[in-house]
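Peer 1: Residues per chain, in single letters:
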Amino acid sequence: MTNITIILPVHEFSETVAGYLRKGFTSIKSQKGLDTLPPIILVYTHFAEQNGLLDFLKEFTTPVEPTDAALQITTVKNEGKTDFCSQINLGVKNTTTEYFSILEYDDEFSTIYFKNVLKHFKVYPDVGMFLPFTIEVDDKTGSLVQIVNQTIWSKGYVGENGVLGFLNSRSLNDYSFYTLGGAVIKKSDFEAVGGLKANIKLSFTYEFILRFLENGNSVFCIAKFGYKHVINRAGSLFANFGATMPMKERKFWFEVAKRESHFINDRYIDQSSLLEPVQSLPAEPVA
Amino acid sequence: MTQEPVMTETSNADKLKVSIQNLKEKKNKIMFFLPDLGAVPSGAVYEIYSHATILKSLGYDVKILIETEKSQVPEFVEPELTQFEHVPMENAKLTVSPEDLLIIPEIFTNVMEQTKNLPCMRVVLLQSIDNALRALLPGIDWSSFGITHIITTSKLLELFVNEFFVSARFNVHTYNVPVPDYFQKRAEVKRPVVSVFVRNEGDLEKVVKLFYQKFPQFRWITFEPMQTDSKPPKHLRRRDFADKLDKNFAAIWIDRMASHAQFPLECMRVGTIPICLKPDITPEYIIKDDNYIQNSGVWSSDLYALPALLADTLRKFLDDEVPQELYDTMDSISANYTSSVAKEQLTTIYGDILNERLELFEKTLESLNQVPPSSETPVATEAPAESMTDQLLN
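Going line by line, the protein sequences match chains G and S.
Take 32 as the starting number for the first sequence in the working numbering and just add one per residue.
Take 16 as the starting number for the second sequence in the working numbering and just add one per residue.
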């Protein structure tokens with residue numbers, strides 16, 4: 032048993048989404064060195080259902096050849112809030128394994144990822160969250176844009192008193208760019224700190240990791256390329272943030288993240304300060 | 016050190032009997048001259064203690080000769096290897112007998128010179144060509160000090176002696192320097208951290224800067240010196256050294272003047288990939304039948320190739336694409352350098368040297384016994400026996 036369930040939130044469904052999902056499922060079926068493949072909990076919305084998602088899934092749950100590995104996909108319909116955080120929280124609620132991992136529908140796992148995760152379970156049984164080295168590729172060109180989460184292995188980043196491989200909240204205060212895609216998280220630790228917060232935009236990943244650490248959990252980075260994340264996809268949540276969110280609002284959400292990380296509950300966020308007009312500087316005196 | 020008083024012919028025979036008896040009963044002394052390198056870890060010093068410990072385990076009376084009273088027992092060596100009587104040479108009161116053995120590191124030609132009139136047998140321990148040539152005057156070799164036996168740490172050093180020291184005929188004994196048993200693969204998962212072990216810091220600086228320059232995607236990589244994490248960093252005890260090395264996926268090694276590439280072997284033993292600049296003397300263990308052994312770590316003759324080789328190794332590590340053949344080959348190479356292999360080899364080497372001594376004593380004694388009583392006319396053909404005795408005892 033892998034002891035990990037993959038949570039896959041799907042908000043909408045189309046031919047394009049099908050193409051991404053196919054790659055993601057293939058990456059799970061191609062995992063090396065596992066006795067059994069990790070089960071999947073797919074959280075879907077009414078919109079995705081209407082466009083034929085459930086029929087599409089049969090392609091992956093029924094083996095074509097006797098030797099094919101069929102995926103074990105459990106579908107959970109998302110009746111309430113359908114944002115990313117709520118979908119993940121719902122998926123986690125339905126898991127029965129000790130750990131879960133997050134697969135965004137346009138992403139893929141590397142084929143060596145889960146066997147390495149299992150090795151790390153043995154060595155670091157107390158770790159509450161494992162982050163992979165994530166390769167971010169451009170949606171259009173497919174070329175490498177950057178590697179993410181790797182700074183946790185930099186002595187310059189973790190500081191003299193930090194331990195290489197472990198994220199610490201002091202350094203997290205200075206640098207916030209981490210992704211939860213591919214993360215493997217202990218369900219009990221996730222739930223104990225309250226899960227993801229739907230009321231926080233943009234910085235919800237950062238807020239969650241901060242809160243997770245501040246509640247005494249540890250975050251370790253698995254030094255293997257484990258996850259491929261597509262960025263700059265038109266219409267994606269973060270692409271929209273990048274395109275439309277003004278700098279003032281971005282700063283606001285990171286300040287909110289730092290403040291809210293002290294609270295387990297997903298509290299109401301007062302955004303009225305965002306409506307205040309930006310004070311302009313006094314005009315330069317004319318000579 | 017003092018030598019025994021000159022003896023008469025009769026007492027020579029008695030003395031030889033005692034020496035023979037001592038050799039047979041392992042009551043002779045085996046003395047190692049130890050360089051004083053302070054707290055700096057040295058493979059050469061460690062090796063001397065290894066020899067001493069093996070001989071002690073075989074029942075010999077082993078002593079360590081140190082330069083002055085202030086010379087300290089090195090901390091980087093495990094305490095169980097340093098449990099010997101340490102005798103300062105500045106005012107040594109040791110009595111040296113013909114059956115004793117004095118082992119002198121290659122760098123101490125002055126000691127070889129000073130001890131050449133001692134009756135004991137002296138052996139050069141050759142671990143470094145660099146040290147050997149630094150200490151010898153041009154045109155001089157160890158035979159000038161009456162030394163004929165050399166123990167070396169590699170086949171290449173043996174070839175070196177045979178090729179360059181042509182005027183003397185040395186008995187060269189070679190063994191495989193062991194990697195201590197505590198160098199073990201303990202880490203189930205390796206860290207993406209590069210251990211560094213270099214003789215010249217300038218070389219390392221070049222490699223690191225060029226690596227970061229050419230591969231910005233890997234600028235997060237940490238290069239870790241083989242020292243303690245304390246401030247200021249200190250030298251590691253060898254056990255801690257082994258533990259630290261075991262944690263990392265790869266190590267950079269640059270030591271152009273190394274005569275025996277020990278660090279890459281230690282890497283191989285713990286499953287850490289050595290990325291090395293080939294030293295002037297190519298390590299014998301990466302060559303077989305005049306060809307390089309493939310997958311015996313990562314080796315280059317070009318310092319400036321190391322950044323790219325490191326990046327390639329790192330990428331393979333992060334993708335789990337390091338060939339299993341590499342780890343298998345490293346295992347099979349390092350398996351030839353175990354403590355048990357070395358103990359067996361050194362037991363034979365020291366046994367052979369002491370047996371040679373014993374045979375010489377027995378032959379000499381036999382010759383002495385054949386010498387007619389002084390009242391009779393001596394037989395001319397027996398004369399060499401006396402000169403052999405003189406050679407031994409003077």
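For the record, the hints were derived by calculation from the structure and aren't laboratory data.
The model shown is predicted, which means the values in this text are computed figures rather than measured ones.
Idealized CB from N, CA, C, for every residue including glycine.
There's no promise every hint is true.
Covered stretches of chain G (in silico footprint by chain S; criterion: 3 or more residues with CB under 8 Å from a CB of chain S, positions within the stretch not fixed) [said to hold, decoys possible]:
1. 35-44
2. 170-183
The calculated lysine-lysine pairs, modelled on DSSO-like cross-linking and capped at a C-alpha distance of 27 Å, are [as the list claims (entries may be wrong)]:
3. 146(G) to 259(S)
4. 331(S) to 63(G)
5. 205(S) to 170(S)
Facing chain G, according to a computed beta carbon distance under 8 Å, are these residues of chain S, among others [to be verified]:
6. 207
7. 367
8. 371
Peer 1: All the hints need checking, so say for each whether the structure fits it.
Peer 2: Consistency of the hints with the structure:
no., hint, in the structure
1, 35-44, "violated (count 0)"
2, 170-183, "holds (count 5)"
3, 146(G) to 259(S), "holds (25 Å)"
4, 331(S) to 63(G), "holds (16 Å)"
5, 205(S) to 170(S), "violated (33 Å)"
6, 207, "holds (4 Å)"
7, 367, "violated (48 Å)"
8, 371, "violated (53 Å)"
In terms of the numbered hints stated before, the structure departs from hints 1, 5, 7 and 8, listed from lowest to highest.
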